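For the sequence shown, the working numbering puts the final residue at 173, and the numbers step up evenly by one.
Treat the hints with caution; some may be incorrect.
Said to hold, decoys possible - When the alpha-carbon atoms are kept at most 25 Å apart in a straight line, the in silico DSS-like pairs for lysine-lysine are as follows:
id: 1; residue 1: Lys-129; residue 2: Lys-89
id: 2; residue 1: Lys-76; residue 2: Lys-9
id: 3; residue 1: Lys-72; residue 2: Lys-131
id: 4; residue 1: Lys-21; residue 2: Lys-76
id: 5; residue 1: Lys-21; residue 2: Lys-89
id: 6; residue 1: Lys-29; residue 2: Lys-89
id: 7; residue 1: Lys-76; residue 2: Lys-33
id: 8; residue 1: Lys-33; residue 2: Lys-72
id: 9; residue 1: Lys-21; residue 2: Lys-9
id: 10; residue 1: Lys-29; residue 2: Lys-9
id: 11; residue 1: Lys-132; residue 2: Lys-33
id: 12; residue 1: Lys-129; residue 2: Lys-72
id: 13; residue 1: Lys-33; residue 2: Lys-21
id: 14; residue 1: Lys-89; residue 2: Lys-132
id: 15; residue 1: Lys-131; residue 2: Lys-89
id: 16; residue 1: Lys-33; residue 2: Lys-129
id: 17; residue 1: Lys-76; residue 2: Lys-132
id: 18; residue 1: Lys-29; residue 2: Lys-76
id: 19; residue 1: Lys-72; residue 2: Lys-21
id: 20; residue 1: Lys-76; residue 2: Lys-131
As the list claims (entries may be wrong) - Just the calculated beta-carbon pair ranges, DEER-fashion:
id: 21; residue 1: Ala-53; residue 2: Trp-19; range: 28 to 34 Å
id: 22; residue 1: Gly-11; residue 2: Leu-120; range: 25 to 31 Å
id: 23; residue 1: Arg-47; residue 2: Thr-166; range: 21 to 27 Å
id: 24; residue 1: Thr-166; residue 2: Asp-73; range: 19 to 25 Å
id: 25; residue 1: Glu-126; residue 2: Ser-100; range: 21 to 27 Å
id: 26; residue 1: Ser-100; residue 2: Gly-23; range: 48 to 54 Å
The set of hints was computed from the structure by calculation and includes no laboratory data.
All values derive from a computational prediction rather than experimental measurement.
Where a beta carbon is used, it is the ideal one built from N, C-alpha and C, also for glycine.
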Amino acid sequence: MHKELNTIKGGAAAIRELWIKLGIEGPMKYFNKDNLAAYHVGDEASRTRAMDASQSGAVKLTSLSGSLFNHKDDQKGHQGSLAIFFEGKTGRFVRFPDTSNTRYQSHCEAAAELIVHLDLYIAFLEEIKEKKDNRTFNNLELNVYQGLQDLPTLSAMAVLALFANTVSHPYMR
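Could you put together the complete structure from these sequences and hints?
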């Protein structure tokens, strides 16, 4: 649905501009490994480049979460252990929405899923970390873990979830 895609993209751009205009701290940046290193050890120009090259926002977090919790390659991601974890905690099988395609509706569904089960996704990531030998997150896991605790990002995800429930789902019926 192209109109929904345009609405989500336009809304995200408008809220980003509003945060800047009002001087409000927006969602955290999601650095890849190289940009994270440049941001922490580089000079001011490197830090600025790393910030400019890195994305932020609810759609970026849902995309990263999709890569982590429902990777299109079954050998990557945590989709199997996530299903077992959720079945043990809630008694139901969970498959995270597929955000690897260009349907923005999947990002709205992912935002709703993350908001509704926020504590469980955080607990799942903490359990994954504790089961590792080095007891640390990889960069993707760290970005998702921090994003799930970032209030501006959570606010934007709540808007995506509300949009899906008040506009997208009724329209599709």
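Consistency of the hints with the structure:
Of the pairs offered as hints, the one joining Lys-129 and Lys-89 holds, with about 18 Å between alpha carbons and a cut-off of 25 Å not exceeded. Straight-line distance between C-alpha atoms of Lys-76 and Lys-9 comes to about 28 Å, which puts the hinted pair past the 25 Å bound. Proposed proximity of Lys-72 and Lys-131 is supported: the alpha carbons are some 23 Å apart, at most 25 Å. Using a Cα cut-off of 25 Å, the hinted pair Lys-21 and Lys-76 is violated, with the two alpha carbons roughly 40 Å apart.
Only pairs whose Cα atoms come within 25 Å are accepted, and Lys-21 paired with Lys-89 is rejected, the gap being roughly 43 Å. Proposed proximity of Lys-29 and Lys-89 is contradicted: the alpha carbons are some 31 Å apart, above 25 Å. For the hint linking Lys-76 to Lys-33, the alpha-carbon distance of about 18 Å falls within 25 Å, and the restraint holds. A threshold of 25 Å between alpha carbons decides the hint, and for Lys-33 with Lys-72 the separation of about 21 Å falls inside it, so the pair holds.
Between Lys-21 and Lys-9, the direct Cα distance comes to roughly 18 Å. Compliance with the 25 Å bound is thereby established for this hinted pair. With a C-alpha separation of about 17 Å, the suggested pair Lys-29 and Lys-9 falls inside the 25 Å cut-off, and the hint holds. With a CA separation close to 19 Å, the supplied pair Lys-132 and Lys-33 stays within the 25 Å bound. Restraint check for Lys-129 and Lys-72: the C-alpha separation of about 22 Å stays at or below 25 Å, so the hint holds.
Proximity of Lys-33 to Lys-21 is assessed by CA-CA distance (about 30 Å); at most 25 Å being required, the pair is judged violated. Proposed proximity of Lys-89 and Lys-132 is supported: the alpha carbons are some 21 Å apart, at most 25 Å. Restraint check for Lys-131 and Lys-89: the C-alpha separation of about 18 Å stays at or below 25 Å, so the hint holds. A distance of roughly 18 Å separates the Cα atoms of Lys-33 and Lys-129; the hinted pair therefore holds under the 25 Å criterion.
This hinted pair checks out: Lys-76 and Lys-132 have alpha carbons roughly 16 Å apart, not beyond 25 Å. Restraint check for Lys-29 and Lys-76: the C-alpha separation of about 24 Å stays at or below 25 Å, so the hint holds. Annotation: proposed proximity of Lys-72 to Lys-21 is violated, straight-line Cα distance about 38 Å (limit 25 Å). In summary, the hint linking Lys-76 to Lys-131 is supported, as the alpha carbons are separated by about 17 Å, within the 25 Å threshold.
Range check, Ala-53 to Trp-19: Cβ separation about 19 Å, and the 28 to 34 Å hint is violated. Between Gly-11 and Leu-120, the C-beta spacing of about 27 Å keeps the proposed range 25 to 31 Å intact. Checked against the hint of 21 to 27 Å, the pair Arg-47 and Thr-166 fails, with Cβ atoms roughly 40 Å apart. Remark: the range hint 19 to 25 Å for Thr-166 to Asp-73 is contradicted by a beta-carbon distance near 34 Å.
A C-beta distance of roughly 25 Å is found between Glu-126 and Ser-100, which places it inside the suggested range of 21 to 27 Å. At roughly 35 Å, the beta-carbon separation of Ser-100 and Gly-23 lies outside the given 48 to 54 Å, and the hint is violated.
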